Structures are given as structure tokens and as C-alpha cells.
Amino acid sequence: MFKRGGTLLLVLLLTMGIFTGCGGQQPQQKNESEDSQEREVLKIGMVTDVGGVYDKAFNQSAWEGLQRARDELGIEIGYQESKQEADYEDNLERLVEQENDLVWGVGYIMGKQVKEAALNYPDIKFGIIDNTYDEIPKNLQPVIFKDQESSFLVGYIAGKMTKTNKVGFIGGVKGDVIDRFEYGYMTGVKYANSDCELLSQYAGAFDKPAIGRSIAESMYGKGADIIFHASGDTGNGMIAVAQEKNKYAIGVDRDQSKEAPDHVITSAIKKVDNAMFNVAKDLKEGKWNGGETIVYGLSEGGVDIAPTSDKHVPKEILDEVEKLKKKIIDGEIKIPQNEAEYKAMK
Amino acid sequence: MLKDIAFIFGTTFMYATPLLYGALGGVFSENSGVVNIGIEGMMTIGAFSGAASTFILLELYGNALWVPWAGFLIAGLAGCFLALLHAIACITFRADQVVSGIAINFLGPGLAMFLGGRIFGGSGTTPTIPLEAKLIRPFDTILKGKPLLGMMLNQYISVYIVFSLVGISWYILYKTKFGIRLRAVGEHPKAADTLGINVYQMRYIAVLISGFLSGLGGASLSMAIIANFRPTLVSGQGFIALAAMIFGKWKPQGAMWACLLFGVTTALQIYLGSPAVGLKISTHLLSMIPYIITLIVLMGFVGKSSGPAANGIPYEKGKR
Numbered sequence: 182m183f184k185r186g187g188t189l190l191l192v193l194l195l196t197m198g199i200f201t202g203c204g205g206q207q208p209q210q211k212n213e214s215e216d217s218q219e220r221e222v223l224k225i226g227m228v229t230d231v232g233g234v235y236d237k238a239f240n241q242s243a244w245e246g247l248q249r250a251r252d253e254l255g256i257e258i259g260y261q262e263s264k265q266e267a268d269y270e271d272n273l274e275r276l277v278e279q280e281n282d283l284v285w286g287v288g289y290i291m292g293k294q295v296k297e298a299a300l301n302y303p304d305i306k307f308g309i310i311d312n313t314y315d316e317i318p319k320n321l322q323p324v325i326f327k328d329q330e331s332s333f334l335v336g337y338i339a340g341k342m343t344k345t346n347k348v349g350f351i352g353g354v355k356g357d358v359i360d361r362f363e364y365g366y367m368t369g370v371k372y373a374n375s376d377c378e379l380l381s382q383y384a385g386a387f388d389k390p391a392i393g394r395s396i397a398e399s400m401y402g403k404g405a406d407i408i409f410h411a412s413g414d415t416g417n418g419m420i421a422v423a424q425e426k427n428k429y430a431i432g433v434d435r436d437q438s439k440e441a442p443d444h445v446i447t448s449a450i451k452k453v454d455n456a457m458f459n460v461a462k463d464l465k466e467g468k469w470n471g472g473e474t475i476v477y478g479l480s481e482g483g484v485d486i487a488p489t490s491d492k493h494v495p496k497e498i499l500d501e502v503e504k505l506k507k508k509i510i511d512g513e514i515k516i517p518q519n520e521a522e523y524k525a526m527k
Numbered sequence: 022m023l024k025d026i027a028f029i030f031g032t033t034f035m036y037a038t039p040l041l042y043g044a045l046g047g048v049f050s051e052n053s054g055v056v057n058i059g060i061e062g063m064m065t066i067g068a069f070s071g072a073a074s075t076f077i078l079l080e081l082y083g084n085a086l087w088v089p090w091a092g093f094l095i096a097g098l099a100g101c102f103l104a105l106l107h108a109i110a111c112i113t114f115r116a117d118q119v120v121s122g123i124a125i126n127f128l129g130p131g132l133a134m135f136l137g138g139r140i141f142g143g144s145g146t147t148p149t150i151p152l153e154a155k156l157i158r159p160f161d162t163i164l165k166g167k168p169l170l171g172m173m174l175n176q177y178i179s180v181y182i183v184f185s186l187v188g189i190s191w192y193i194l195y196k197t198k199f200g201i202r203l204r205a206v207g208e209h210p211k212a213a214d215t216l217g218i219n220v221y222q223m224r225y226i227a228v229l230i231s232g233f234l235s236g237l238g239g240a241s242l243s244m245a246i247i248a249n250f251r252p253t254l255v256s257g258q259g260f261i262a263l264a265a266m267i268f269g270k271w272k273p274q275g276a277m278w279a280c281l282l283f284g285v286t287t288a289l290q291i292y293l294g295s296p297a298v299g300l301k302i303s304t305h306l307l308s309m310i311p312y313i314i315t316l317i318v319l320m321g322f323v324g325k326s327s328g329p330a331a332n333g334i335p336y337e338k339g340k341r
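Chains as they are written, first to last, in the working numbering: chain A, 182 to 527; chain B, 22 to 341.
None of these hints come from the bench; they were simulated from the model. Incorrect hints may appear among the rest.
Claimed, not checked - Below 27 Å or equal to it, Euclidean Cα-Cα: the simulated DSS-like pairs (lysine-lysine) are:
1. K347/A <-> K167/B
2. K341/A <-> K507/A
3. K301/B <-> K347/A
4. K165/B <-> K347/A
5. K338/B <-> K344/A
6. K428/A <-> K272/B
7. K426/A <-> K319/A
8. K165/B <-> K428/A
9. K426/A <-> K24/B
10. K293/A <-> K355/A
11. K340/B <-> K426/A
12. K344/A <-> K165/B
13. K347/A <-> K515/A
14. K347/A <-> K340/B
15. K167/B <-> K403/A
Since we're looking at a predicted model, the values are computed, not measured.
The task is simple: from the sequences and hints, build the whole structure.
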């Protein structure tokens with residue numbers, strides 16, 4: 182009898198361990214400045230995807246944008262973290278119940294849920310990062326980024342800096358978003374150096390560093406000396422190989438030079454924080470562009486190359502990059518965002 | 022062509038290594054009669070502890086030669102800690118071994134993310150450890166400037182360790198008194214008990230070894246294959262290790278062949294997807310290759326696999 186009781190107790194303890202384990206690092210809801218003054222203050226909340234709010238990427242960047250909005254505009258902010266796909270809907274609802282004026286979904290994977298929520302609560306404003314729809318409700322604000330522009334610039338740098346005339350690209354999972362990276366990069370490489378050969382391969386996952394590692398090994402082994410990745414955690418394997426083989430790598434989404442300061446020469450960064458801040462600012466001033474997609478490119482400060490690029494990239498190339506930026510903003514250079522546009526351009 | 026073969030060879034060993042640590046861990050535990058589906062959780066905590074402790078030791082003591090080794094050892098001990106919980110539940114309290122294993126699989130990642138969040142902030146991703154503080158690559162200097170041999174053999178020490186562990190495990194399990202007792206406890210614990218073998222003690226030792234090896238397997242991911250821990254790092258490899266052990270009929274050498282098979286199919290998947298081969302196949306289909314080949318091999322060539330007779334049955338002294 183005692184044994185059975187003991188077992189139960191142990192299982193109970195283990196289970197509790199799991200919950201405290203999750204609870205500790207994950208404050209369910211953090212509303213800064215709790216006592217709202219008569220609802221004069223705007224209230225904005227965001228739902229993260231499974232990466233969580235401190236993922237050192239996308240979600241963190243979005244949260245930093247909101248924090249800036251709090252500090253500079255006096256907006257009340259909060260977030261809900263999602264542990265799995267099933268949480269998106271609940272988390273969106275929770276933010277609605279907390280009387281947020283604007284509710285963000287961060288990441289294209291919750292595109293469907295955000296639209297449903299927007300249709301269910303027409304009085305509340307919603308926003309989504311990296312996704313858009315054919316029919317957009319008036320209270321929904323999709324934001325997408327011209328990743329092809331930053332990819333073009335890092336592609337240009339790769340094309341100029343390669344000594345073997347071979348560069349690589351590793352993609353996570355094929356789709357609209359990663360296509361923008363791949364074809365933008367390809368165009369940049371060819372623009373810089375039309376003889377340059379490009380090796381491109383998809384890992385089929387965003388969370389398999391061992392696969393990213395092998396793909397990078399194979400590409401470096403075949404003579405590529407610079408590889409760009411748009412593959413999330415998978416790309417970490419690539420950065421590890423770049424270090425071992427003393428080759429160059431290009432990071433994505435945020436400045437990845439910290440991962441390997443001597444080998445990550447630049448990164449194609451995406452400033453989700455700017456987008457979050459700007460929409461908040463507009464809203465505060467009474468402007469709302471829901472129903473239409475906002476596109477953040479170079480000219481809007483939505484994408485760029487990492488500020489640490491000057492460590493490895495020669496100044497002449499960076500100067501040319503600055504000129505290219507201008508040309509892109511002025512529309513002199515058109516950058517394709519998928520295979521069809523790429524072929525049409527040739 | 023030669024280059025491609027060298028690539029497949031190298032990738033096979035790289036990919037098989039973490040699996041093989043986990044599978045060998047399973048071999049020890051299950052040969053003593055304790056089912057261990059908690060390998061995944063033990064690998065996760067090992068991966069975290071290895072990367073985290075290496076980083077912390079590096080901050081404290083600078084770039085000493087012993088730092089990565091200490092990290093590797095701590096990873097093993099972290100695996101041991103979870104294994105101890107599993108052992109207490111399954112051996113002393115005779116809990117259902119599968120249930121306890123599942124609990125371990127929740128506990129491992131939960132604990133890793135909790136501690137990671139507390140120590141480093143954020144969602145449990147540890148800071149990157151520099152190349153010099155990762156595990157060593159023993160042949161790095163010898164193989165400089167030899168691309169082909171380098172691709173095949175310039176591996177981290179963790180790879181060489183695990184393949185020597187296969188031989189050592191085989192020797193221990195089949196040629197030493199300890200190993201024969203351990204297997205006896207897994208086959209017929211009552212007979213072993215009658216002959217004066219302490220069944221509980223043997224099982225405890227086996228489960229702890231299992232945790233230690235799984236922890237090392239995790240560290241071979243976070244300290245060699247890449248250079249930090251992140252919550253997505255292990256993602257299911259503990260279960261593949263478990264499958265490899267069953268596939269290898271609960272024997273160290275069998276588990277090795279199974280892990281190499283998983284490794285070579287993964288390498289093949291990457292090779293076939295590479296632009297040089299130029300196959301226009303969707304990556305989704307390519308990523309199924311390892312599992313499809315495994316199913317075919319399991320159906321066609323392996324035959325019936327049966328584990329130790331008393332595997333999964335808690336032993337109760339004096340029960341008829």
C-alpha cells in the first residue's frame with residue numbers, strides 16, 4: 182500500500198516540477214503599469230509564436246518595438262506567449278478580453294487565427310506580421326517585409342567578396358517568405374558578379390541544426406566560401422561549420438555576428454520593432470490603415486544589413502551598398518521575390 | 022564522386038553519434054530490465070548542462086583545456102540526475118516504467134528551459150561557446166590541407182568516444198561478471214536474486230549508466246555539432262535512439278549498425294537534395310527517406326526482435 186502511495190506522490194512531484202518549470206520563465210501576462218487611468222491610455226498586446234518573447238529573433242524584436250512605444254508614447258503594453266499552435270486562438274482571445282485596443286499576432290503561422298479573431302471582434306483592431314490576405318477586414322493591419330531587398334544587398338556583398346566564385350544559400354522550408362530571401366539573394370549575387378555560381382538547398386525544417394550543418398559542409402566542401410541562410414535554428418549548424426572551416430557566413434533576421442564574430446560577415450536584418458512602433462505611433466495620432474497591407478522595405482527602414490558589417494566587409498563594397506540602397510529606394514533596381522518574377526526579369 | 026562519398030561518410034558518423042550515445046544508454050537500462058523511454062529528456066538536460074556549464078566555466082576560469090571536458094562530464098551527470106529519478110520511481114517504487122519515462126521527457130526540457138531562463142534570461146537558449154572551448158577535434162592539425170580525409174575523419178572527439186564505447190559496452194555486457202549479472206537481472210531477476218545478486222542495486226547502476234550516456238549524447242549535440250543549447254536542439258533524437266536500440270536487438274553492436282543506418286540515410290537525404298545532384302524532388306519527400314528506408318529494413322531484413330525477458334517488469338522481492 183505504501184509503495185503505491187509513494188509512486189503516486191512521486192508522479193505528482195514530477196508533474197509539479199514540469200509546471201513550475203514552465204511557469205517560472207513564462208510570466209503569463211505582463212502588463213506594465215497596471216492601473217490604467219480611465220482608459221485614456223492606448224493599450225496594445227501581442228501574441229508570440231512558439232519561440233517566446235525572448236527568442237533573440239523575431240518575437241523579441243516585436244516586443245522591443247512595443248517597449249519603445251511604451252517609453253516614448255506612453256502606451257500600455259502586454260504579451261502572451263504561445264507554447265504550441267493550439268495556443269494562438271486562446272491567446273488572441275485573452276488579449277481581447279483584457280481590453281486591448283490593438284492585438285498583434287507575430288508570425289505568419291498564426292495568419293488564419295488572427296483573421297478569424299478580426300472577423301469575430303470587429304470593434305477591436307488587429308495586426309499581423311509577415312502575412313497578408315486576399316481580403317483584409319478593415320480592422321486588420323497586415324505588415325510584410327521586403328526581405329528580398331536586404332537579401333539582395335547581402336547577396337551583392339557575397340558576390341563581391343567571394344574568392345572562389347561560388348556562394349551558397351540554405352533555406353528552411355520552401356514558401357512565399359523564404360522565396361523572397363532566396364531570389365533576392367540570387368539577384369544580388371548575379372548583380373555583383375555574373376559569373377558567380379550559386380548553390381542553393383533547403384533543409385526542410387527550421388529546427389534541425391544537424392541538417393544545416395551537413396548542407397553547409399557539403400557546400401563549403403564543393404568550394405563555396407560564403408553561405409547565406411534563411412532557416413532559423415537550422416542555420417546555427419551552418420555557422421558552426423563556418424567557424425571550423427574558417428569560411429564566411431551571412432546571418433538572417435537579426436545581427437548574428439555575435440554567434441561567430443570572425444565568420445559572420447553581415448546579416449540580412451528585419452526590423453519588426455520599427456513596424457510595431459510605427460503602427461502604435463500612427464494609432465496614437467488617430468491614424469489607422471487597416472484593410473490594407475503595409476509593406477516595409479528599405480525606404481521605410483523595415484529591412485537592412487547588420488550595422489556590424491564594416492568589420493569584415495571592405496569599405497568600398499559598403500559604399501557601393503549604400504548607393505544600391507538608394508537605387509532600390511528610387512525604384513531603379515527591381516528585385517524579384519519569387520521564381521516567376523526572377524525568370525521574367527531575365 | 023570521391024568527394025561525395027567522403028561527404029556521406031563524414032555526415033553519417035556526425036549524425037549517428039548523438040543517437041548512438043542514447044541507444045547505448047538504452048541498451049544498459051533495458052538489459053537490466055528497466056524500460057527507458059526517458060532518453061529524450063535525459064539528452065535534453067545533458068545538452069543544456071553541457072553547453073551552459075562550459076560557458077560558465079569559461080567565464081570563470083578562462084580558456085583552459087579542461088573546460089570542455091568538465092562540461093562534457095557535467096552533461097553526463099545531469100543525465101544521471103534524471104535517471105536517478107527514473108530509477109527511484111521504477112525500481113524502488115515499482116511505478117509503471119513507461120509513465121515514469123514520459124514524465125522524464127517532460128521534465129528534461131522543462132528543467133532546461135527553466136534553468137536557462139533563470140541563468141541567461143530568455144527562452145533557454147544558451148550563449149554560443151567559442152570554437153576553442155568546444156570539444157576538441159583530435160585530428161584537426163594532422164588533417165589540415167587534406168580535404169577528402171578531412172571530410173571523413175576530422176570529427177569531434179565525441180564521435181571517437183562513442184564508437185569506442187560500443188566495443189567497451191560489448192565487453193562489459195558479455196565478458197565481465199558485472200555484465201553477465203546485469204543481463205541476468207534483466208532476464209530472470211528471481212533466479213538472479215536466489216543466487217545472491219542484488220537486483221535493485223544492479224538495476225540502479227544500469228539506469229544511472231543509461232542516464233550518463235544519454236547526457237553525453239545531448240552534449241555531443243550542443244558542444245560539437247553546434248555550439249549552444251536551444252529548446253529545439255534534441256527534437257526527437259532520443260526517440261530515434263530508442264528505435265535504434267530496439268532495431269539493434271538490445272545489443273551494443275546492433276544499436277551501432279542501426280544508428281549508422283539512420284546516419285547514412287540522413288546523409289543520403291542531404292546528398293540527394295544538393296544542387297549538384299540536381300534532382301527536382303520536394304524537400305518534404307526527401308526528409309521522409311530515413312524513415313522509409315528504416316521501415317523497409319525493419320520489415321525485410323531484421324526479423325523478430327525480442328528484448329530481455331524481464332524488461333519492463335518491476336521486481337518485487339519474495340513475490341511468487
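So which of those numbered hints doesn't the model satisfy? 5, 6, 7, 11 and 14
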